[in-house]
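J.: Protein chains in written order, with the numbering used here: chain B, 1 to 646; chain S, 1 to 103; chain W, 1 to 166.
Quick caveat, the hints were computed from the structure, so don't treat them as lab data. Hints are supplied without guarantee of correctness; some may be wrong.
Said to hold, decoys possible - Straight-line distance between alpha carbons at most 25 Å, and here's what the computed SDA-like set of lysine to any residue pairs gives:
1. K97/S x R625/B
2. K28/W x G15/S
3. K418/B x E495/B
4. K97/S x F38/W
5. K102/S x V609/B
6. K591/B x V579/B
7. K311/B x V423/B
8. K97/S x I58/W
9. K97/S x A61/W
10. K28/W x I58/W
11. K28/W x F38/W
12. K374/B x E495/B
13. K28/W x P6/S
14. K418/B x S533/B
15. K28/W x D2/W
16. K97/S x L160/W
17. K97/S x K418/B
18. K376/B x P395/B
19. K97/S x E495/B
20. K97/S x F70/W
21. K28/W x D94/S
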Amino acid sequence: MTTPLWLIPAIPLVGFAVNGLLGTRLGKSFVSAVGVGAAGLTTLAAYSRLIPFATGSHATVVEPVTSWIAVANLSIDLSFRLDPLSALMLSFVTFVALLIHIYAIGYMHGDDATDAGYARFFAYLNLFLFAMLTLVLAESFLLMFVGWEGVGLCSYLLVGYYFDREYAAAAGRKAFVVNRIGDYGFLLGMFGIFTAFGSLNYSEVFRKAAEQPATFSPALSLICLCLFIGAMGKSAQVPLYVWLPDAMAGPTPVSALIHAATMVTAGVYMVARCNVLFRLAPEVMLFVACIGCFTALFAGTIAVAQNDLKKVLAYSTISQLGYMFLACGVGAFSVGMFHVMTHACFKACLFLGAGAVMHAMSDDLDIRHMGGLKAKMPITFWTFLLATFAISGIPPFAGFFSKDAILSSAFESPSLGKLLWFVGLFTAGLTAFYMYRIVSLTFFGQFRGTKEQEHHLHEAPASMTFPLIVLGFLSVVAGWLGLPAVFGEHANIIEPFLAPVIAPIAGHEAGHEALPHAVEWLLMAVSVAVASSGLYLAYAWYAKQGGRTPARIAAAFPAAYALVADKYRIDELYDALFVRPYTRLSHVLWKVVDVLVIDGFLNAAAFIVELTGDFLRFLQTGNVRNYALTFFLGLVALLIFVVGAL
Amino acid sequence: MIGSIPLSHVLLTSGALFSIGIAGALLRRNAIQIFLSIELMMNAANLALLGYGAALGTHEGQILVFFVIAIAAAEASVGLAIFVALFRHTETIDVNKINLLKW
Amino acid sequence: MDRLFFDAAALVAIVFAGLMVIGRNPVKSVLALVVSFFGLAVTYVLLLAPFIAALQVIVYAGAILVLFLFVLMLLNVGPEKPDGARRPIQSILGGLSVVVFAGLLLGMFRASGARVPVMAQPAELADPAALARVLFSDYLLHFEAVSVLLLAALVGAFVLARRENT
């Protein structure tokens with residue numbers, strides 16, 4: 001008796017309903033129990049399907065539930081799909097979400113949230129999980145879009161959780177609006193797919209594309225570009241990344257879950273899902289790779305100059321997402337998904353650690369006020385350090401294997417491959433640098449904050465440290481699923497697992513020749529060297545010197561430093577280019593079109609009626625003789641008419 | 001002898017009486033006199049009816065006139081009652097002065 | 001012969017109708033109308049409707065116009081005083097329209113009168129018994145209805161003219 005697939009998203013939906021409707025009346029413990037319980041149950045349900053799937057035949061399973069839309073020639077069923085790709089996503093989405101739910105109990109408890117706020121938070125978290133699972137398990141583009149929009153909505157709801165703070169509310173709006181712009185691209189892509197393929201189901205679309213590539217290739221460039229615009233919005237690539245740093249205004253569990261591990265990876269998931277389509281549009285693939293690479297570098301440079309702990313992590317997320325798109329762009333979709341998985345583990349760990357630090361620092365996130373927290377918060381420190389090594393790409397931690405695989409795929413790809421590899425390599429060094437910078441400034445050295453903050457410093461409660469430990473452990477071992485070929489013929493587990501998803505296309509050669517082992521070892525060595533030098537530089541400048549050299553560099557180039565610290569003023573650019581003209585246009589539409597023209601027209605109509613009435617009332621003389629005369633005149637007129645007719 | 005009244009004479013008389021009645025109704029200010037003019041108009045119609053009744057050799061003309069006279073009686077009594085009631089309030093029967101429904 | 005009588009009676013009716021309309025004193029108007037009605041009664045007789053003529057004299061001239069006189073006396077209405085408020089439009093337009101109307105009627109009757117024959121009158125038309133027979137057989141319902149109407153008028157007149165008790 002297998003758990004039906006639809007149950008997996010349904011459980012958190014029930015959790016949402018219960019917490020949303022009854023939570024305020026039943027107290028915090030009840031809410032926590034329902035919220036975490038729903039996450040836990042759905043994880044169990046997921047793994048009860050995953051384990052047989054992974055150990056068994058990995059054959060794709062499609063489970064239809066009901067017919068959804070049946071209009072003319074558009075027929076879409078509500079069906080769920082379990083194949084290697086969605087299985088992979090399912091495995092870490094549910095598990096990481098469960099850990100974060102547990103963490104949130106401790107985190108939100110300290111918050112002086114009322115019962116209503118607490119219930120609302122967990123309800124929205126469950127709703128998010130429902131939407132994300134729908135997105136992952138969907139069998140058609142339309143159902144995926146339902147999940148896509150749902151996670152966008154939950155992002156808005158949760159980022160704007162502290163809705164009475166103007167900044168947080170604005171951040172929520174910004175997230176939603178920028179996502180919407182991307183969603184527009186996704187919609188256009190869907191329309192294109194339906195027009196070209198006559199269906200929105202994955203099975204049909206991908207089968208048709210694989211069987212007759214030549215028929216569909218021309219249309220697919222445009223379609224894939226539109227789909228990628230959707231991915232750009234959801235996964236915060238240039239130029240639609242501006243919402244992610246602002247979204248840090250939400251509670252830290254939200255940042256960890258939505259903006260690190262799950263929602264933002266939906267774009268990568270979508271691109272990987274549509275790999276058949278993208279492979280038939282090589283120009284778009286190149287574009288994807290370039291955007292990914294550029295975003296990685298761009299966000300990395302900004303992260304170096306930020307002083308807010310969560311902002312650094314946000315830009316780091318954007319940068320790592322760039323890596324994932326780089327991988328997909330050069331055709332290594334399974335590598336991209338591998339990085340998604342490892343990134344989920346270590347980034348969630350980093351964010352949760354930041355949350356613990358934030359609690360200890362009485363909600364202050366400025367790293368210039370921190371220091372020496374290692375002694376006060378050992379568990380947080382050690383897990384944060386492990387995750388930092390993972391993200392920097394130090395073997396044998398998780399990030400190394402995925403990042404290295406990305407870089408070698410880029411290296412061996414034709415045309416711009418070497419350039420992409422080089423930029424990726426440089427960014428890896430940058431990543432190591434800025435990550436160790438915040439580690440040094442936060443955990444080492446002398447404490448630079450206020451006296452009250454110092455008194456308040458304490459380790460996080462068990463509900464918060466437990467997930468940290470689990471995620472820290474995963475940051476170490478998760479990478480071992482994707483050992484590169486140099487370690488042996490069957491060392492890589494993940495690539496063959498995902499291979500069925502990268503379906504063969506008629507007439508296109510599959511795969512690529514592997515690099516010679518010597519080159520691979522060389523590339524690995526170079527990556528390790530670059531990452532280590534990044535770490536060492538940060539250690540030297542910050543831990544040993546206490547930041548004198550970077551301060552001198554910043555003083556030497558004040559304008560450049562200000563520009564980078566100010567995130568290149570992109571927000572201000574958008575404001576001037578788009579927001580202000582749009583506001584002005586709205587103002588004109590309001591004052592002129594609505595008030596003057598439309599209202600004026602209506603008022604004029606009423607005025608004319610009034611005027612006519614004013615004029616006509618003089619007919620009412622009150623004098624009966626006049627009325628009699630009027631009758632008689634009418635009679636005469638009639639008679640004239642009759643006589644005339646005669 | 002008997003059959004020598006041309007219908008046109010009858011109709012002309014009727015028409016003349018009716019016109020005089022209309023003139024009286026439109027041009028007089030005294031309410032009673034307006035009412036009298038209306039009675040005159042009704043009589044003009046009676047004459048026309050009788051004329052056609054005789055010309056067509058049927059009783060219908062006389063029957064209709066019979067009823068018209070009865071109804072005229074009813075109408076006159078009610079109308080005069082209204083005038084009386086009006087006069088009590090306004091002390092005048094000048095139609096020009098009874099104009100409460102004026103704009 | 002009949003024609004002569006008819007013309008004379010008609011002339012009387014018209015002349016006195018005109019006098020009625022022109023007269024200032026309402027009482028004089030009523031009296032002029034009475035004479036006019038007498039003239040009309042004569043024409044009715046010549047049109048072979050003696051019963052109707054009798055009704056005209058008894059009911060119309062004798063009851064309705066007497067009622068008018070009665071009300072005039074009751075309200076003590078004097079001759080019409082020429083007052084300030086002139087209504088030229090009413091007068092001019094009224095006069096004009098009446099003239100036009102008269103002209104139209106004249107035209108109509110002249111045009112159609114040639115086609116209508118001189119009246120051939122069967123003698124029994126004048127017989128009141130025959131009239132009664134038709135009245136109480138074919139028109140019985142109308143007769144009863146008119147009596148109800150008269151009742152309604154009676155009650156209405158009574159209610160309308162009643163003095164309101166404080």
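J.: Is the Cα-Cα distance between K28/W and I58/W 25 Å or less?
T.: At roughly 20 Å apart (the allowed maximum being 25 Å), I58/W and K28/W satisfy the hint.
J.: Take a quick look at whether K28/W and F38/W sit within 25 Å of each other, Cα to Cα.
T.: Within the cut-off at roughly 16 Å; holds.
J.: Under the criterion that the straight-line Cα-Cα distance not exceed 25 Å, is the pair K376/B, P395/B satisfied?
T.: violated (28 Å)
J.: Between K97/S and K418/B, does the CA-CA distance stay at or below 25 Å?
T.: violated (108 Å)
J.: Does I58/W lie within 25 Å of K97/S when you go C-alpha to C-alpha?
T.: Given pair K97/S, I58/W is violated - Cα atoms ~35 Å apart, limit 25 Å.
J.: Has the given pair, K97/S with L160/W, been kept, meaning a C-alpha gap of at most 25 Å?
T.: At roughly 21 Å apart (the allowed maximum being 25 Å), L160/W and K97/S satisfy the hint.
J.: Are the Cα atoms of K97/S and F70/W separated by 25 Å or less?
T.: Holds, at roughly 23 Å.
J.: Are the Cα atoms of K28/W and P6/S separated by 25 Å or less?
T.: Between K28/W and P6/S the Cα gap is close to 33 Å, so the pair fails against 25 Å, i.e. violated.
J.: What's the verdict on K97/S and R625/B, does the C-alpha distance respect the 25 Å limit or exceed it?
T.: holds (11 Å)
J.: Mind checking the alpha carbons of K102/S and V609/B for me, to see if they're no more than 25 Å apart?
T.: Holds - the C-alpha atoms of V609/B and K102/S are around 21 Å apart, at most 25 Å.
J.: Would the hint linking K28/W and G15/S be met if the CA-CA limit is 25 Å?
T.: holds (24 Å)
J.: What's the verdict on K418/B and E495/B, does the C-alpha distance respect the 25 Å limit or exceed it?
T.: holds (23 Å)
Violated hints, listed in ascending order, are 4, 8, 9, 12, 13, 15, 17, 18, 19; each of the other numbered hints is respected by the structure.
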